[in-house]
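Using the sequences and the accompanying hints, generate a full structural model.
In the working numbering, the protein residues as written are 170 to 493.
Fair warning: there could be bad hints in the mix.
Each computed SDA-like pair below joins lysine to any residue, with the alpha-carbon atoms no more than 20 Å apart [to be verified]:
no. : residue 1 : residue 2
1   : Lys271    : Arg317
2   : Lys492    : Asp396
3   : Lys196    : Arg317
4   : Lys183    : Gly193
5   : Lys448    : Asp291
6   : Lys383    : Glu371
7   : Lys183    : Gln269
8   : Lys492    : Glu392
9   : Lys383    : Asn416
10  : Lys271    : Glu244
11  : Lys224    : Lys383
Hints were generated in silico from the structure; no laboratory data involved.
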Amino acid sequence: MSTLLLVAEQFQGKLRKVTMNAIGFGKAAAEAWGLDLHLLLIGEDIGDAAAELAKFGAAKVHVADSSDLEHYNTEAHTQLIAKVAEDIDAKVIAGAATVQGKDLFPRVAGRMGLGMASDIIDYTPEMTFKRPVWAGALIAHVQVETDRKVVTVRGTSFDAAAPGDDESEIVEVDVELDEDAVEKFRHSDLEEVVSERPELTEAGTVVSGGRAMKDAAGVELIEGLADAFGAAMGASRAACDAGLVPNELQVGQTGKVVAPDLYIAVGISGAIQHLAGMKGSKVIVAVNKDPEAPIFQLADYGLVADLFKVVPEMTEKVEKMRKG
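The structure is reproduced here in structure tokens:
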């Protein structure tokens, strides 16, 4: 039987949360298309992560475990995915549309000569894929003409899969890499950003600040509100471009896409590019002193106020509520 090969993403031996959303897509899509779901995990010392993957109901879990794969290596990953896909007759090769996925899967498609649909948010039984364009203002319906296809999925658009009691067969992949795959890519350093706040794309609550933060004092106000909620902190592109916060906090079309239970936008006008990155949030709260700000058209709750006056009050009240 032909297969859907879903590439799981891990970091330092732990599955990324978005992988569960991608598996949720994979299980439903494989059933709709009459395919067996196979999972592929690549890395070093990933036995525990593989055992965790085996609980999600796939037909098989393929594991490529090697010291040459300690760090993400575009060329090595591309070779291994292509090899496994050929071995198991994968009609669809899929993964999450993360920073890594956006680098990896176009290379897989190019190497194998396949068509690709990227960042999809839905699909049909006939394999028509839906993806946002023009910063989410339009939804394109895409048909990939090659018999075999490569797909990346927007994790926030699919429910996370839940583990079950049955365990899938784990198959070891023979890691034979071209010399170039190892020699062309040399990992020099890894600088980890240490934060007590949740990771932006995985947080249940996100508090984002815009250019209206103005300076370090404004940033501290937003950080304080985020900490009061136990939330991740995000920002608009304007705030990042102004040097107020690091680029890794950017939410939007050219930043990170989030869909938390609660999204609080403070001092963000609501440019379409920003909305594209957060409009999937379950509840949106906007704080802006401009009553005509576009963000209010999307918000579930809005407060017309100066952030420098209202945010300290919000922070104080949230802290009191959390303390009981």
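For each hint, the structure was consulted:
1. Between Lys271 and Arg317 the alpha-carbon distance is near 19 Å, which keeps this suggested pair within the 20 Å criterion.
2. With a C-alpha separation of about 13 Å, the suggested pair Lys492 and Asp396 falls inside the 20 Å cut-off, and the hint holds.
3. Of the pairs offered as hints, the one joining Lys196 and Arg317 holds, with about 18 Å between alpha carbons and a cut-off of 20 Å not exceeded.
4. Taking the CA atoms of Lys183 and Gly193, the gap is about 18 Å. The hint holds against a cut of 20 Å.
5. Under the criterion of a C-alpha separation no larger than 20 Å, the hint pairing Lys448 with Asp291 is consistent with the structure, at around 16 Å.
6. With a CA separation close to 27 Å, the supplied pair Lys383 and Glu371 exceeds the 20 Å bound.
7. Restraint check for Lys183 and Gln269: satisfied, since their Cα atoms lie roughly 15 Å apart, inside the 20 Å limit.
8. With a C-alpha separation of about 18 Å, the suggested pairing of Lys492 with Glu392 holds against the 20 Å cut-off.
9. In summary, the hint linking Lys383 to Asn416 is supported, as the alpha carbons are separated by about 16 Å, within the 20 Å threshold.
10. For a cut-off of 20 Å, the pair hint linking Lys271 to Glu244 stands: about 14 Å separates their Cα positions.
11. With a C-alpha separation of about 48 Å, the suggested pairing of Lys224 with Lys383 is violated against the 20 Å cut-off.
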